[in-house]
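I would like the entire structure built from these sequences, with the hints used as guidance.
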Amino acid sequence: MDLKLDHHTKDGIEIVDVEGEIDVYTAPRLRELLIELVNSRFYQLVVNMEKVEFLDSTGLGVLVGGLKRVRAHDGSLDLVCTQERILKIFRITGLTKVFGIHDTVDDAIAARRAEK
Amino acid sequence: MATVELSFTALPAHVRTARLVATAVARRSGVDESLLDEVRLAVGEACSRAVEGHQLFCPAEPVRLALTDLVGRFQVEVTDTCSPDARWRGGAGGPVGTGITGSVPAGLGIAVIESLADDVQINETSAGTSIRMSWPSAGATS
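Protein sequence lines correspond, in order, to chains A and B. Per my numbering, residue 274 is the first one in the first sequence, and the count goes up by one each step. Per my numbering, residue 725 is the first one in the second sequence, and the count goes up by one each step.
None of these hints come from the bench; they were simulated from the model. Ideal placement from N, C-alpha and C gives every residue a C-beta, glycine not left out. A couple of the hints might just be wrong.
What the hints assert, rightly or not - Below, in silico cross-link-like pairs of lysine to aspartate or glutamate (EDC-like), each with a Cα-Cα straight-line distance of 20 Å or less: (1) A:K341 to A:D379; (2) A:K324 to A:E388; (3) A:K361 to B:D756; (4) A:K341 to A:E309; (5) A:K324 to B:D761; (6) A:K361 to B:E729; (7) A:K361 to B:E785; (8) A:K361 to B:E801; (9) A:K361 to A:D347; (10) A:K324 to A:D290; (11) A:K370 to A:D347; (12) A:K389 to A:D379; (13) A:K361 to B:E848; (14) A:K370 to A:E357; (15) A:K361 to B:E838; (16) A:K283 to A:E388.
Stated by the list, open to error - Using C-beta positions, here's what the derived DEER-type ranges look like: (17) A:R358 to B:L735: 38 to 46 Å; (18) B:A784 to A:E323: 38 to 46 Å; (19) B:V795 to A:E323: 36 to 44 Å; (20) B:A784 to A:A384: 43 to 51 Å; (21) B:A726 to A:D279: 21 to 29 Å; (22) B:N847 to A:D284: 27 to 35 Å.
Below, the structure written as C-alpha cells:
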C-alpha cells in the first residue's frame, strides 16, 4: 500500500495521520508535509502512526528531521504507535528515548499539555 | 544458484517490490511467520542503501537481489555495483542530511540490518558491496 497523509488540528496541536508504508520511496512526501507544517507555524505536532504498515530507517530519518525542525521553534513532535513491529525499529535504534511515544492521540495531547 | 534472483533499476519505487518478493520467497522457504517482518525490514534497508548509492554514483546499473533456500537457512544477498570511490554506507552512511534519506545518522541502516539478521556479512570489493544475511528456515514447502 502507498502512503496516505492527512492532518487536522485538535486542542491546538496539529495531528498528522499517516497510513501505509514509509520507506525510501514515500518518506519524501512525509518530509515535505512536516516542513510545510513548520513553515505554516505549526510547532506542536503529533504523528499518528497507528495505520502505518511499514517503517524503515528512511522514515525514521524524516521523523528525526521533523523533530529537529519543531525543536528549533521550542516545539514538539510526539508519536502515537502501539504496533509492535513498528515499535521494534524505534527500540533497535534507541529512538524510544528521543520521541514521546503514546498509545492514543488523546494520550499524546494530554502528555504535551502536562509538560506545559 | 539462488532460488530467486531479481535485478531492478535503482529507483526507490522498486524497493517495495524487492521487499514483497523477498518476503514471499522467505515464507515459501519455511521462514517462521514471526521472522518475516525482520526479513522484510532488513531487505528494505539493504535495497534502500544500494538504490541510494546507485543514484549517486551509477544510476544506469541495476541493483541485484538473490534469495536462496539453503538447508535450514534462508539467505538474502543484496549487491550494488558502486565503485570503491563511492565507499559510503548509504542511507546508512552518507553525511547526515544528504540524499534521499534526509536525517538518517551514519550507519543506521547497516545497524538495523545487523540487529535483525543473526548472520550478516558485508563484503566490499572493487566491484561494489554485497550484504548477505540469513535467517533460519524449515526448508521449502511443496
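Each hint tested on the structure:
| no. | hint | verdict |
| --- | --- | --- |
| 1 | A:K341 to A:D379 | violated (23 Å) |
| 2 | A:K324 to A:E388 | violated (27 Å) |
| 3 | A:K361 to B:D756 | holds (18 Å) |
| 4 | A:K341 to A:E309 | holds (14 Å) |
| 5 | A:K324 to B:D761 | holds (16 Å) |
| 6 | A:K361 to B:E729 | violated (29 Å) |
| 7 | A:K361 to B:E785 | violated (33 Å) |
| 8 | A:K361 to B:E801 | violated (23 Å) |
| 9 | A:K361 to A:D347 | violated (28 Å) |
| 10 | A:K324 to A:D290 | holds (8 Å) |
| 11 | A:K370 to A:D347 | holds (18 Å) |
| 12 | A:K389 to A:D379 | holds (16 Å) |
| 13 | A:K361 to B:E848 | violated (29 Å) |
| 14 | A:K370 to A:E357 | holds (16 Å) |
| 15 | A:K361 to B:E838 | holds (14 Å) |
| 16 | A:K283 to A:E388 | holds (17 Å) |
| 17 | A:R358 to B:L735: 38 to 46 Å | violated (26 Å) |
| 18 | B:A784 to A:E323: 38 to 46 Å | holds (40 Å) |
| 19 | B:V795 to A:E323: 36 to 44 Å | holds (40 Å) |
| 20 | B:A784 to A:A384: 43 to 51 Å | holds (49 Å) |
| 21 | B:A726 to A:D279: 21 to 29 Å | violated (41 Å) |
| 22 | B:N847 to A:D284: 27 to 35 Å | violated (53 Å) |
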